[in-house]
Amino acid sequence: MLKRIALIFLLVAMTTPAGAQDKLKVVATFSILADLVRNVGGERVAVTALVGANGDAHVYQPSPADAKSLSDARLVFANGLGFEGWITRLVKASGTRAPTVVASTGVKPRRAEDGHGHADPHAWQSVANVKLYVANIRDALAASDPAGKGAYEANAAAYLARLDVLDAEVKAAIERIPSDRRKVITTHDAFGYFAAAYGVAFVAPQGVSTESEVSAKDVARIITQIRKQKIPAVFLENVTDERLLQRIGAESGARVGGALYSDALTDEKGSAPTYLDMMRHNVKQLSMALTS
Amino acid sequence: MIYDILIAPFAEFAFMRRALVGTFALALGAGPVGVFLMLRRMSLVGDAMAHAILPGAAIGFLLSGLSLFAMTAGGLIAGFVIALGAGVVARATELKEDASLAAFFLISLAVGVTIVSLKGNNVDLLHFLFGTVLALDDPTLLLIAGITTISLALLALIYRPLVLECVDPGFLRSVSRAGAPAHIAFLALVVMNLVGGFHALGTLLAVGIMMLPAVIARFWARDITAMILIAVVSGAISGYAGLLVSFHAGAPSGPAIILVAGALYAASVLFGRTGGLVRQLFPGRHLEA
Chain R
1 MLKRIALIFL LVAMTTPAGA QDKLKVVATF SILADLVRNV GGERVAVTAL
51 VGANGDAHVY QPSPADAKSL SDARLVFANG LGFEGWITRL VKASGTRAPT
101 VVASTGVKPR RAEDGHGHAD PHAWQSVANV KLYVANIRDA LAASDPAGKG
151 AYEANAAAYL ARLDVLDAEV KAAIERIPSD RRKVITTHDA FGYFAAAYGV
201 AFVAPQGVST ESEVSAKDVA RIITQIRKQK IPAVFLENVT DERLLQRIGA
251 ESGARVGGAL YSDALTDEKG SAPTYLDMMR HNVKQLSMAL TS
Chain W
293 MIYDILIAPF AEFAFMRRAL VGTFALALGA GPVGVFLMLR RMSLVGDAMA
343 HAILPGAAIG FLLSGLSLFA MTAGGLIAGF VIALGAGVVA RATELKEDAS
393 LAAFFLISLA VGVTIVSLKG NNVDLLHFLF GTVLALDDPT LLLIAGITTI
443 SLALLALIYR PLVLECVDPG FLRSVSRAGA PAHIAFLALV VMNLVGGFHA
493 LGTLLAVGIM MLPAVIARFW ARDITAMILI AVVSGAISGY AGLLVSFHAG
543 APSGPAIILV AGALYAASVL FGRTGGLVRQ LFPGRHLEA
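Line by line, the protein sequences give chains R and W. Okay, so the first sequence: first residue is 1 according to our numbering, each after it adds one. Okay, so the second sequence: first residue is 293 according to our numbering, each after it adds one.
Chain W extracted, bound-state conformation (with noise of 0.2 angstroms):
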């Protein structure tokens, strides 16, 4: 009984099998990304850098079909040069870096739409760029598995200087010139990831598969090592039980899966240990000696 809800759909079918291990690989690659956002106080650039992404893509689904080097070629260039680009409207005048990425996420978002209306052909191009975590093929895992192997091991060469900006950037300023390269690496990753999200759940849901897991961590921990491990695992959880309820349910299973992360969020909300506010309303007695 319980195998057969838990277990079995995974056993019998392939694409299931290869739904999970691309969530496993994305919640593994795009967590610890959303911790460091969520960190910097950066929670939104994310959502902002996946709508950038799109037209860029686009634009290399246009020119050579439904090539998995292409869309993703497209969606990096187009995520790189909106990063890059916002962030020297911000250093170089008096807009600030939100500011400018709105401004920049925006245009990139209508020049796509024209390119692909001026090309005259309205298939469907969302049902085509809105990749489904169900149809996964080889060269779609390994590239999402290598787009996580990347991350991690970049993550892991830039994570003293990153962990230092998001405490103290005025310290890592006096110390160290690592601050601006790290930050530029860590753009690219969040686009990286973000890109390989987008093949399997589409551009906004790739950002809820990095976000809500950094943001649930947020509520269990406190120190930066447990919170990426809890948001790589409530990503995982998340993949898990919204193929789950795909497959009993019948429901779509990009917005599935996110919405099990959005379940696993307001639980949190609800009775996190750390701010949680249950927590807040009920603390529990102090020890007295």
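Extracted from the complex, chain R is given alone in its bound form (with noise of 0.2 angstroms):
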């Protein structure tokens, strides 16, 4: 009994920093990365991201602040996948010495089908991929802090359970949804490894960057697919014009649902402050839309 209180007191130790100028400084570069960190980072390591909340990284215009955060850091974490595509330069610029930590080493990449055989970036939206993500951000973590090592894999084996819980409820909730239902169209074609991982289909109005204006063209060609393939619901996100998808859906008489949240997550009062509630919140809002 004592060796087990003290054996918790020596943990506590190692876990709690003496102050939060102990911690180690990261960043991350946009906000569903950062709470990946913070997770197996837990108390040791202060995450800062360059892209917070409700951020669209594909128009990101990095500041002095951002070029300052990333100089005191001792570790950039970034996507990859080209979905940053400014982090080289940004990285150069700030003269920092702080390695950068490509956090979806070991994901297969899918082509985005855009026509140009680019990489799709948004690999987070599979759980099996995060998973991946969670093991390198701890190596990397575990490599620059060797002190923390056995706090950071403790966190990382707990999230990663709380993980593999996560999955298998997107999964059990794609179940439920009839299997000719299993068909959406969103603004943004952020979810190709969602739709790879739980066989959900997703048809995008846009190519794969928010980037491009849409033509007539697109807005006849999209309302037509619903139509003809009798696509049941129509999805808003948080980084482009809904007044756009509202009139998609208007049109062509597909129900139009909540919010999906593709590549950032929202502030501490939304509904998708953390990846965790992210996932849950948007299977929600794809059963209640798809079932019934």
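Treat each hint with caution, since some may be false.
Only part of the chain W face toward chain R is listed, based on derived beta-carbon distances under 10 angstroms [stated by the list, open to error]:
hint, residue
1, Leu298
2, Phe307
3, Met308
4, Arg310
5, Ser392
6, Ala394
7, Leu428
8, Asp429
9, Thr441
10, Leu449
11, Ala533
12, Ala541
13, Gln572
Here are the simulated SDA-like cross-link-like pairs (lysine to any residue), alpha carbons at most 25 angstroms apart as the crow flies [unchecked claim]:
hint, chain 1, residue 1, chain 2, residue 2
14, R, Lys68, W, Phe302
15, R, Lys149, R, Arg162
16, R, Lys228, W, Leu536
17, R, Lys230, R, Met288
18, R, Lys217, W, Tyr532
19, R, Lys269, R, Thr48
20, R, Lys217, W, Phe302
The hints are simulated quantities; they were obtained by calculation from the structure and are not laboratory data. These figures come from a predicted structure and were not determined experimentally. Where a beta carbon is used, it is the ideal one built from N, C-alpha and C, also for glycine.
Grab the two chains, each in its own frame, and use the hints to assemble them into the complex.
Here it is as structure tokens:
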């Protein structure tokens, strides 16, 4: 008994640094990745996200404060797969000596369906991929801060267990939707990995990026497609023009669902402040729009 | 075949019909305003005002999201403040009106961008602010149509002093005191039409559907009534043809509309009846008795 209490004390002492000064400063490029790093790093790590809650990483403009957090950082976490085209230049410009860790290392990249053959960077939409992210983050943190290796491994193991629960939940929820209704349309085709992992078809009115402006031809094609394929639901996203989607929904007869979160978490007040919340929220929205 | 190309897109899709109605309403309201801006040598004022509206609408968006009312109100307030402020500075100091307008719209643009950045939210504001003509919902259409109606009525009311001021401002001042109020009402019309246009086309292109048809009209008529008619018609043609180009060729719709107007302008520069290049090089034979 005494031995166990001592062990707990030892663990607590190991995981709680003396003060904020001793925390390992790291930078993550966007909010979802920052959330994963926070979960693995726990108390030992102070995480800054370059593109914060509700931000669109596709149109990010670096500020001097970002360059400063980069130059103070010991590690930089990036998604990779071409998601942050700006990261190499920014890291170089900030003069930081922190190595860049590509969190998506080991993920099998999907080709985006934009005809250019670029890799689709939104790998975190599949929980299986996020487990790889978590392993990469754990190893990078342990390598950079060997004293915290035990804590990182414990945190990662706990978080991986929660991811397994989440994965099973998502699969069960999709199972309950009749298979011929597992089709939705959304403004931004960020859900390629989700589609591949869980068997829901996502059709997008725009290309893989939010950069291009839609033409009347695109909109007409989407409406025709919804009518022909009888797609039951159309979804909004937190980073693009919702008026256009509402128009498409009104005209094609598809139900307009709530917001799906793809590239960014919401702030604390929103419905998706963490990765786990985001995935649960998305699945709930999907099943609500598709089951009835 | 011809039906498929020219009419079917509008018959089949409600969003195309809405876009068409929206651009027609814009052409009807903004065309005459553009003609007066051009005749008073204020063609670039429209551009400056459009920039001034943007931050106002941005603030409206940040305060209450994608609300039509907030963005419209913000745009109108910013536009009026800039227009009046530039006028007051021009009258009270030695600075000319164009220079003070330039200063005002640049400051307001910078203020808008700063507020957006301080809010720390880099959602692509431009994507929201540069409204797309393909996504006109009922309230937006009603707003545009309402602005056009008010603008035509107000134009009818101040038509005489406006025309006089274009032609002979000194004479107007000697016979009437309607000049200053008419000028202010006219500036209000410019702001209103730009705010209406930016919901459909975005700030930059809203100026396009105001000024390009007016400039086109200048090449085809000398008399102001005809000019206004031609401006409205060429604005409407640009809207219709631009939407068709966007539908068939897949070009983004706002730019397509303005590009068609640009093509009409190029054709007018070459072949225009009054002052077109071809006319000047090969004048018709003088009729002799």
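Consistency of the hints with the structure:
no.: 1; hint: Leu298; result: violated (14 angstroms)
no.: 2; hint: Phe307; result: holds (5 angstroms)
no.: 3; hint: Met308; result: holds (6 angstroms)
no.: 4; hint: Arg310; result: holds (8 angstroms)
no.: 5; hint: Ser392; result: violated (30 angstroms)
no.: 6; hint: Ala394; result: violated (25 angstroms)
no.: 7; hint: Leu428; result: holds (8 angstroms)
no.: 8; hint: Asp429; result: holds (6 angstroms)
no.: 9; hint: Thr441; result: violated (23 angstroms)
no.: 10; hint: Leu449; result: violated (34 angstroms)
no.: 11; hint: Ala533; result: violated (12 angstroms)
no.: 12; hint: Ala541; result: holds (7 angstroms)
no.: 13; hint: Gln572; result: violated (38 angstroms)
no.: 14; hint: Lys68(R) with Phe302(W); result: violated (53 angstroms)
no.: 15; hint: Lys149(R) with Arg162(R); result: holds (20 angstroms)
no.: 16; hint: Lys228(R) with Leu536(W); result: holds (23 angstroms)
no.: 17; hint: Lys230(R) with Met288(R); result: holds (17 angstroms)
no.: 18; hint: Lys217(R) with Tyr532(W); result: holds (14 angstroms)
no.: 19; hint: Lys269(R) with Thr48(R); result: holds (19 angstroms)
no.: 20; hint: Lys217(R) with Phe302(W); result: holds (12 angstroms)
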